[in-house]
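**Student:** Turn these sequences into a full structure, and let the hints guide you.
Chains A and B supply the protein sequences, listed in that same order. Just so it is clear: in the first sequence, position 148 is 148 by the working numbering, and no numbers are missing. Just so it is clear: in the second sequence, position 207 is 207 by the working numbering, and no numbers are missing.
You can take every hint at face value.
For identical chains, the list gives no copy identity; a pair is met inside one copy or between any two copies.
Cross-link-like lysine to aspartate or glutamate pairs, in silico, EDC-like; alpha carbons within 16 Å at most: (1) 256 <-> 299; (2) 325 <-> 270; (3) 191 <-> 175; (4) 19 <-> 127; (5) 300 <-> 213; (6) 310 <-> 322; (7) 118 <-> 206; (8) 8 <-> 106; (9) 107 <-> 60; (10) 10 <-> 99; (11) 8 <-> 99; (12) 10 <-> 106.
Derived from the structure by calculation, the hints contain no laboratory data.
2 protein chains.
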Amino acid sequence: MNNSPTQKVKDIGEQGLLKIIQSFCPADIIGDDAAILTTTPEKSLIVTTDMLIDGVHFSDATTSPEDAGWRATAANLSDLAAMCASPLGITVGLGLPGDLNVNWVEKLYQGITQCLQKYNTPIVGGDIVQSPITTLSITAFGEANPNLIIRRSTAQIGDAIVVTGIHGASRAGLELLLNPEIGKNLKTQEKASLITAHQRPQPRLDVISILSEILLPTTPTLHHPISGMDSSDGLADAVLQICHASQVGAILEQSKIPTPSAFKHWLTPERSLNYALYGGEDFELVLCLPPKIASVLVEKLGTGAAIIGKITPGSEVIVKDENEKIPNQVLTLSQGFQHFS
Amino acid sequence: MNNSPTQKVKDIGEQGLLKIIQSFCPADIIGDDAAILTTTPEKSLIVTTDMLIDGVHFSDATTSPEDAGWRATAANLSDLAAMCASPLGITVGLGLPGDLNVNWVEKLYQGITQCLQKYNTPIVGGDIVQSPITTLSITAFGEANPNLIIRRSTAQIGDAIVVTGIHGASRAGLELLLNPEIGKNLKTQEKASLITAHQRPQPRLDVISILSEILLPTTPTLHHPISGMDSSDGLADAVLQICHASQVGAILEQSKIPTPSAFKHWLTPERSLNYALYGGEDFELVLCLPPKIASVLVEKLGTGAAIIGKITPGSEVIVKDENEKIPNQVLTLSQGFQHFS
Numbered sequence: 001m002n003n004s005p006t007q008k009v010k011d012i013g014e015q016g017l018l019k020i021i022q023s024f025c026p027a028d029i030i031g032d033d034a035a036i037l038t039t040t041p042e043k044s045l046i047v048t049t050d051m052l053i054d055g056v057h058f059s060d061a062t063t064s065p066e067d068a069g070w071r072a073t074a075a076n077l078s079d080l081a082a083m084c085a086s087p088l089g090i091t092v093g094l095g096l097p098g099d100l101n102v103n104w105v106e107k108l109y110q111g112i113t114q115c116l117q118k119y120n121t122p123i124v125g126g127d128i129v130q131s132p133i134t135t136l137s138i139t140a141f142g143e144a145n146p147n148l149i150i151r152r153s154t155a156q157i158g159d160a161i162v163v164t165g166i167h168g169a170s171r172a173g174l175e176l177l178l179n180p181e182i183g184k185n186l187k188t189q190e191k192a193s194l195i196t197a198h199q200r201p202q203p204r205l206d207v208i209s210i211l212s213e214i215l216l217p218t219t220p221t222l223h224h225p226i227s228g229m230d231s232s233d234g235l236a237d238a239v240l241q242i243c244h245a246s247q248v249g250a251i252l253e254q255s256k257i258p259t260p261s262a263f264k265h266w267l268t269p270e271r272s273l274n275y276a277l278y279g280g281e282d283f284e285l286v287l288c289l290p291p292k293i294a295s296v297l298v299e300k301l302g303t304g305a306a307i308i309g310k311i312t313p314g315s316e317v318i319v320k321d322e323n324e325k326i327p328n329q330v331l332t333l334s335q336g337f338q339h340f341s
Numbered sequence: 001m002n003n004s005p006t007q008k009v010k011d012i013g014e015q016g017l018l019k020i021i022q023s024f025c026p027a028d029i030i031g032d033d034a035a036i037l038t039t040t041p042e043k044s045l046i047v048t049t050d051m052l053i054d055g056v057h058f059s060d061a062t063t064s065p066e067d068a069g070w071r072a073t074a075a076n077l078s079d080l081a082a083m084c085a086s087p088l089g090i091t092v093g094l095g096l097p098g099d100l101n102v103n104w105v106e107k108l109y110q111g112i113t114q115c116l117q118k119y120n121t122p123i124v125g126g127d128i129v130q131s132p133i134t135t136l137s138i139t140a141f142g143e144a145n146p147n148l149i150i151r152r153s154t155a156q157i158g159d160a161i162v163v164t165g166i167h168g169a170s171r172a173g174l175e176l177l178l179n180p181e182i183g184k185n186l187k188t189q190e191k192a193s194l195i196t197a198h199q200r201p202q203p204r205l206d207v208i209s210i211l212s213e214i215l216l217p218t219t220p221t222l223h224h225p226i227s228g229m230d231s232s233d234g235l236a237d238a239v240l241q242i243c244h245a246s247q248v249g250a251i252l253e254q255s256k257i258p259t260p261s262a263f264k265h266w267l268t269p270e271r272s273l274n275y276a277l278y279g280g281e282d283f284e285l286v287l288c289l290p291p292k293i294a295s296v297l298v299e300k301l302g303t304g305a306a307i308i309g310k311i312t313p314g315s316e317v318i319v320k321d322e323n324e325k326i327p328n329q330v331l332t333l334s335q336g337f338q339h340f341s
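**Tutor:** Okay, here's the thing in structure tokens:
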């Protein structure tokens with residue numbers, strides 16, 4: 001490292017910090033949604049951690065403490081799902097100002113446990129400390145079959161790209177919460193469903209057993225692990241991260257990307273695509289796998305799941321519209337936001 | 001829960017918060033230094049987490065970033081040692097203000113990895129986020145033989161109480177850093193050794209292999225797991241916590257508590273005992289086990305280790321001085337500090 005002693009965190013941003021930190025970690029251990037530790041030949045331990053700060057990642061203005069707890073938990077469980085790992089437990093670290101209402105803490109834990117209950121996952125430990133700013137740090141760990149672990153770096157040219165569900169709903173829900181008036185042409189049920197998608201996202205842990213069922217009998221014939229990650233930072237980001245890690249490109253077909261049915265009569269095609277690609281926090285899985293297996297998977301997953309494109313040679317990720325209503329787009333990582341700005 | 005909606009975190013303190021949080025966790029999973037998850041009959045996964053806040057748990061005024069990193073790591077590894085678990089890895093969550101020097105982050109990671117290297121333990125994941133206050137959250141996980149896991153709640157009347165090393169050194173080191181003039185009668189080497197004890201505490205992971213060696217052949221004849229914890233919050237706190245969890249009392253002999261050799265010519269007996277009992281952050285283990293096994297353990301551990309008392313009926317923890325220089329003391333948990341005050 002040759003950083004000047006006066007260089008600030010904001011000068012180098014998240015990517016700069018990650019480069020420094022990676023120099024302190026084992027080379028092969030960083031780059032997926034969670035870390036893999038193979039403790040026995042039959043099982044790997046999968047670990048992921050998230051830190052959330054009041055005013056940066058959640059805020060009483062837009063998020064109830066129950067929803068903040070649910071969403072933080074869902075994000076961590078989604079990282080496990082993205083590695084094909086079943087959750088074993090989570091730890092919760094909490095930094096709290098003395099002036100915070102006790103009620104807020106109870107509601108946060110209610111949200112956390114409501115999300116965990118669905119997956120029969122316990123809170124197994126934690127820490128509470130005094131802090132000037134409310135801070136939540138969740139670490140989730142799970143176990144996976146080493147042969148079925150999903151990685152970002154193993155997508156192959158010709159793989160079909162599967163999404164396990166619709167995209168754009170969480171972002172639309174957030175917009176409706178921030179500006180209720182934009183929803184005047186939506187049915188009550190449509191509005192409620194979009195807002196729920198934002199407040200109570202569902203990590204796709206259910207995909208693990210379906211994938212296991214399909215893949216285990218064929219594992220000996222798979223020449224590489226399934227590639228993929230979750231779409232928590234947006235569908236575009238997920239495809240770009242996978243392509244970057246696998247040194248491949250991709251073509252996505254705009255019309256194949258599943259979006260909430262309300263989008264068709266509510267949003268312009270441009271806005272609908274924008275929400276689907278960049279909205280984020282849909283917590284679906286984006287998987288790259290041989291086309292035949294992909295078709296079986298999509299059929300078993302049912303409504304919302306779809307093959308949206310394929311892995312190509314090169315490095316470009318292109319979104320095409322066969323109807324030519326929207327110009328072809330070349331996606332780039334820099335369209336994502338940088339923290340510390 | 002029947003908290004009023006306006007009740008503040010500072011009104012109920014750490015203990016009040018813990019009671020609320022425990023109601024959301026499995027009943028048997030909280031109460032030791034770390035959580036236990038038995039994933040296979042042969043191995044348990046042990047998890048522990050700590051959150052540290054700038055200005056509360058560390059400060060540039062008294063702690064270099066390297067030392068802050070080392071100490072946070074040592075505290076987590078000590079929690080694993082306190083459960084008889086060998087470390088597998090840690091995750092590091094970091095909340096950073098944009099104005100922080102990048103250099104600070106590098107030095108923090110240098111301290112973390114210096115501590116980890118001794119125990120061949122990797123950083124396997126983490127998260128970096130923007131925060132108005134520098135925040136460090138470390139989760140450590142390890143594995144243990146389920147038959148050898150150390151618990152707080154299983155001390156038996158008649159058990160000998162063993163400390164794995166000297167107590168009071170870390171506190172003395174802190175005092176020397178805060179008020180260098182109080183060290184004028186100490187040799188340079190004595191001062192350096194006390195300050196190092198504070199800045200670079202050594203988690204007692206080396207005790208695990210010694211304990212395994214002694215206990216494994218006799219496990220079938222042990223009627224209960226070894227009881228114990230680490231002395232990170234002070235020796236008095238450790239004995240009190242063990243006695244409270246095990247519903248027993250204890251007698252400690254003041255003269256048997258090992259302290260740094262410099263204490264004898266430097267501190268009054270009262271201050272020496274105070275540092276040893278309440279100083280904290282010595283990161284030794286306090287173990288309760290049958291007297292014969294205790295003697296073998298102390299011999300194998302060598303210098304610093306000692307049998308300092310025994311587990312008794314009742315609930316009182318008494319510190320006796322055979323020379324009657326210091327009056328007998330009855331220790332109570334309330335002598336420990338409360339956070340959120």
